[in-house]
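*Asks:* Please build the complex by placing chain A on the supplied structure of chain R, with the hints as guidance.
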Amino acid sequence: MRFVYIALALLCLTMPARAEEIVLGLSQDEVAITATFEGSRILIFGAVKRDGTETAEGDLGVIITVSGPKAPITVRRKERRYGIWINADAVEVDSAPSYYSVSTSGPFESVLKGVEDLRYSITIPHAIRSVGATVEDSEAFTEALIRIRSDARLYSTFVGTVDLEEDTLFRTAINLPSNITEGNYEARIFLTRGGVVIDEYDTVIPVEKVGIERWLYRMAQDNAVLYGLMSLAIAVAAGWGASAAFAALRR
Amino acid sequence: MLIYLPIAEVSVNAFLLLGLGGIVGILSGMFGVGGGFLMTPLLFFIGIPPAVAVATEANQIVASSFSGVLAHLRRKTVDIKMGLVLQAGGLVGSGLGIFVFNYLKSMGQVDLLVKIFYVVFLGAIGSLMFVESINTLRRTGKGRAAPKRRKHNWVHNLPFKMKFRVSGLYISVIPPLLVGMVVGVLAAIMGVGGGFIMVPAMIYLLGMPTKVVVGTSLFQIIFVTAFTTMLHATTNHTVDIALALLLLIGGVIGAQIGTRIGVKLKAEQLRILLAVMVLGVCVKLSFDLLLTPRELFVLGTAGGH
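Chains R and A, in that order, are what the protein sequence lines are. So the first sequence is residues -8 to 242, counted in my numbering. So the second sequence is residues 37 to 341, counted in my numbering.
FYI, nobody ran anything at the bench for these hints, they're computed from the structure. Careful: at least some of the hints might be erroneous.
As the list claims (entries may be wrong) - In silico negatives: residues of chain R with every beta carbon more than 12 Å from chain A:
hint, residue
1, Gln19
2, Glu45
3, Glu107
4, Pro116
5, Ala118
6, Gly151
7, Thr152
8, Glu157
9, Ala164
10, Val188
11, Ile189
12, Asp190
Claimed, not checked - Sample of chain A residues at the chain R side, in silico, Cβ under 7 Å:
hint, residue
13, Val46
14, Val98
15, Ala99
16, Met266
17, Thr270
18, Leu332
This structure is a prediction, so every number in the text was calculated from the model and none was measured. Don't be surprised by glycine CBs; every beta carbon is placed ideally from N, CA and C.
Bound-form chain R, shown alone (with noise of 0.2 Å):
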């Protein structure tokens, strides 16, 4: 027994100890998407915990980003060929959130260095991954992503939101738009000093469909046929009614 505390002491010895720790609280813990979702309110608040070792050696900062699920994207570009405008070249992006936002305590240049950013894939080009891309400009593919989810409002970056008091406590509001997809949205807290990561905090929040929109998605992908007789028969019993009723009308 007293080998394993041994252990366990060297263990924390040869950790490198962090002076400065997030400690952090979530307003919810899970967002339900029902049938008259409107978006979503979560505050994201917490605090540094300090163990009295630490130097204070430039200013503190605080990055939060919030990303929903990745998956593979394609981008296309239309050209004007024979005097009509087609999709020609296309991107294929390897990985993509659908939904991402960032917000900084300051100015990205007193928070985070460039090569943190490019470490920890923060800001929103970093958050896409696009490698092995044939065409030239890929670039301008990867930004007209940028540029069309930004105008969804499902990319979007706000300098100077979280709230940072006495640098110790901190806090800040997500507003998820009405049109986010389901899956786990991945919550990640960055503590800069002078703009190095000093300590990370990941934490997950799952968003998903409750009550009769959960009923009717599974019911889509699992029942699909009875799902489809379904749909038809909704549509002939309304286009019933609705002939019998302006019958009934006329009379």
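*Replies:* Just chain A now, kept in the frame of chain R:
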């Protein structure tokens, strides 16, 4: 009131969908077209994913055509026998059409071909119908009786004659079978019920009376779109029942109103209006192909659809 659609995975205004369904339903009841060629682009526009829009639209058309057919049945303006013959040809045509569609898909650029198909067919059918109806209207306007369309041509010398009492025709079954088949091919390629091709084909190729044409077209559209709905539901799982429900509530009511408007109009007026609508969609689609798009890039699921 916003409603989150379970399959489309977007939130949309319920009243907007009811309104859209109603407008397209009115047109459907008036002209005997399913309205898919109007509704599908509208659904794209409000942000429904294309695959879901196409599949769900088919389901909605089942409802509005069924509602329209019942109204026409009450007026005895449905030639069921003709509808069934067209349908028989249509089934063969759909099979062929799906084969052609998959062949085009393997060559890429299927979207473009579908659009060009639309422009050519809508343009040709729309202009022909427009010119013909204007001429008829002008002649009747001068006080002379509308001339009967040529009653005897090569069509009437073909074998396998059949009596279509409601349409007042005694013709060979070969032309309706062929018309049904050609429309079936086009409908499968273009992803619509094919009413806007079927209606003019019945008037001009088969010589059916305009009043009977609308009901009969709706009758055969029910089967085509019901089949399409099942196909999409079982293979792509893209039929959104909540979206369909909202559209079809508006649609069935609209179809009833449309049928009543249609009965009050003269046949020539009905044809001119349909021609104008068909030409309008044709012009819009040509602009899409010719003008510089605002966004040059489009997103698609990886692997293509």
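*Asks:* Tell me the hint numbers this structure goes against, listed in increasing order.
*Replies:* none
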